[in-house]
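**Q** Residues per chain are reported as follows:
4 protein chains.
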Amino acid sequence: MRKISYIKDFATWKEEFEFSIDVDIRFSEVDMFGHMNNVATFAYFEEARIKFMMHKGIFTDLSGDQVPVVGDLQCDYHKQVYFGEYLTIYVKVNSVGNSSMDIHYLGLKPNGDIAITGRGAIINMDKSTGRSAPIPDSYRKLIE
Amino acid sequence: MRKISYIKDFATWKEEFEFSIDVDIRFSEVDMFGHMNNVATFAYFEEARIKFMMHKGIFTDLSGDQVPVVGDLQCDYHKQVYFGEYLTIYVKVNSVGNSSMDIHYLGLKPNGDIAITGRGAIINMDKSTGRSAPIPDSYRKLIE
Amino acid sequence: MRKISYIKDFATWKEEFEFSIDVDIRFSEVDMFGHMNNVATFAYFEEARIKFMMHKGIFTDLSGDQVPVVGDLQCDYHKQVYFGEYLTIYVKVNSVGNSSMDIHYLGLKPNGDIAITGRGAIINMDKSTGRSAPIPDSYRKLIE
Amino acid sequence: MRKISYIKDFATWKEEFEFSIDVDIRFSEVDMFGHMNNVATFAYFEEARIKFMMHKGIFTDLSGDQVPVVGDLQCDYHKQVYFGEYLTIYVKVNSVGNSSMDIHYLGLKPNGDIAITGRGAIINMDKSTGRSAPIPDSYRKLIE
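Protein chains in written order, with the numbering used here: chain A, 1 to 144; chain B, 1 to 144; chain C, 1 to 144; chain D, 1 to 144.
Simulated from the structure, these hints should not be mistaken for lab results. Note that this is a predicted model, so its numbers are computed, not measured. Take the hints with a grain of salt, since some may be wrong.
Under 7 Å between C-beta atoms, here's a sample of chain D residues computed to sit facing chain C [as the list claims (entries may be wrong)]:
(1) V30
(2) D31
(3) G34
(4) N38
(5) V39
(6) F42
(7) D72
(8) L73
(9) Q74
(10) C75
(11) Y77
With the Cβ distance kept under 8 Å, some of the chain C side facing chain B (calculated, not the full set) [unchecked claim]:
(12) F27
(13) S28
(14) A43
(15) E47
(16) I50
(17) D126
(18) K127
For each residue, glycine too, the CB sits at the ideal point set by N, CA and C.
Just chain A, same shape as in the assembly (with noise of 0.2 Å):
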């Protein structure tokens, strides 16, 4: 695999996934090679993401004062992967910061071909001034 800026060693990277979800490729997200479209993956990204929160019990009242907001998305592309494919997405926070969190994830195929690699800051809104708040400490420990 060619060198990429969040991840250190790979094996190590690799290793602190907990958590993963299946996504089948769909038609319509197949482009007119036959590949799967790079815009997908971000919402393969999104799905596991949510899939993780809900696991963990994070960000799970989307009617409350504070939201998860995107803050950046990056997504870096291994392997070709095709249409009747399907790729298991793994998540976890790789870091925690005062008021973000940054998400990594990891597509990979079911012979274990390293599909797509990427990551991303989730930042915690307060919805009544539009602004970051703190990450509560009940995150925290949730998280860890």
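Following the hints, complete the assembly by docking chains B, C and D onto the known chain A.
**A** Just chains B, C and D now, with coordinates in the frame of chain A:
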């Protein structure tokens, strides 16, 4: 605007854009909070990139031996965008390597506010070998 | 044009449209054959319908007690549409029942060719009961 | 269930389905009210249809002279579906004409509730002429 790794000096970076398209935020691209979904921005980048390539005359023959493949993609979200709004998506080639190009993106609201910025590598892939191939000199001329 | 069950006389039916929006066919909405994906047309209908409702001043307050719910949808594909093309999507209220409206759609190519036609019922739903509610008289006036 | 024009007797109609796929409702397919977006159902139908065709062995060679083209599509929405739920989408060939097939769909919730029903014609199109062509006898045998 917060510091973005791929932008050294924002004013200079912004000035280099010459091509843009307008994109409407669709209802189906709005999430449960009324915000533009963060997956949709990558479809906007794709749309802008492909129309930019057609405009420049590069990668126009997709039935040829070489096709553009997305190597990576990233997007930073600076301001919330809502249903009913539209974005002007600027696109440029920021640098050209041996077999890839670094494409940069800027999405502005009608009032000039920076909504999103982004970048991503496009790799020139040889269909027959499945490997990267040098960017043709003819493309280098058309880009500069 | 072939016979369509919801269109008695095409010339009359077409004349009754007064509102339209233009929609670009995006690259991500093109299938492996370079054709407009048939799922995308329903997003175009939705986009046209919502902008039509905002234009007419009906169902504008989605935080109110009553919300519009889609009862059914159908689309007939008359001509292939390709990436880079755009469609003008016309929308009208074809008839109003007790608690629903029959919305009709027409998608034309720039040269006037009929690309798609469609229809679907919108039901006025009461959030608190989860059941249909009569279309308010104020809406009936705004539509006629 | 309300009366649907393409379903004569629901019990009989339902019994004829033999093939199905499970589809997760994604977060990006949920609207501002937390409901499954009505555009997404057509992507589910498409997914089920294509996997059904692969299962039956029809229209598997898309590089051949004849390709399946969607003539029309319709969907009736019977129950709200929410994020986190999944649907089992059943698909069958309801009837075969000279150059087209009428494909029917049924989407059930895990508890057996009918969420959606639908149908649509698939036309066998000859690429070289751009016109419909007779359904091959080999396909007729594989379907029955």
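**Q** All hints, please: hold or fail.
**A** Each hint, compared with the structure:
1. Because the beta carbon of V30/D sits about 14 Å from the nearest beta carbon in chain C, more than 7 Å, this interface hint is broken.
2. Interface restraint check: D31/D against chain C, minimum CB-CB distance 10 Å, threshold 7 Å, status violated.
3. With 7 Å as the threshold, the beta carbon of G34/D stays out of range of chain C, its nearest partner Cβ sitting at about 11 Å, so the hint is violated.
4. Because the closest C-beta pair between N38/D and chain C is about 4 Å apart, less than 7 Å, the hint holds.
5. The interface hint given for V39/D is met, as the beta carbon of that residue sits about 4 Å from the closest beta carbon of chain C, less than 7 Å.
6. Proximity of F42/D to chain C holds as hinted, the smallest CB-CB distance being about 4 Å (cut-off 7 Å).
7. This hint holds: D72/D has a C-beta 4 Å from the nearest C-beta of chain C, less than the 7 Å allowed.
8. With 7 Å as the threshold, the beta carbon of L73/D comes within range of chain C, its nearest partner Cβ sitting at about 5 Å, so the hint holds.
9. Using the Cβ-Cβ criterion of 7 Å, the hint placing Q74/D at the interface with chain C is satisfied: the shortest such distance is roughly 3 Å.
10. Below 7 Å, beta-carbon pairs count as interface contacts, and C75/D has one with chain C at about 5 Å; its hint therefore holds.
11. With 7 Å as the threshold, the beta carbon of Y77/D comes within range of chain C, its nearest partner Cβ sitting at about 6 Å, so the hint holds.
12. Contact between F27/C and chain B, as hinted, is supported at the beta carbon level, the nearest pair being about 5 Å apart and thus within 8 Å.
13. A hinted interface residue such as S28/C counts as satisfied when its beta carbon comes closer than 8 Å to some beta carbon of chain B; here the least separation is about 5 Å, so the hint holds.
14. Against a cut-off of 8 Å between C-beta atoms, the interface hint on A43/C holds, since the closest Cβ of chain B lies about 5 Å away.
15. At a threshold of 8 Å, the smallest CB-CB gap from E47/C to chain B is about 5 Å, leaving the interface hint in force.
16. Against a cut-off of 8 Å between C-beta atoms, the interface hint on I50/C holds, since the closest Cβ of chain B lies about 5 Å away.
17. Checking D126/C against chain B by beta carbon gives a least distance of about 20 Å; that is not within 8 Å, so the hint is violated.
18. Checking K127/C against chain B: minimum C-beta separation of about 15 Å lies over 8 Å; hint violated.
When each numbered hint is compared with the structure, violations occur for hints 1, 2, 3, 17, 18.
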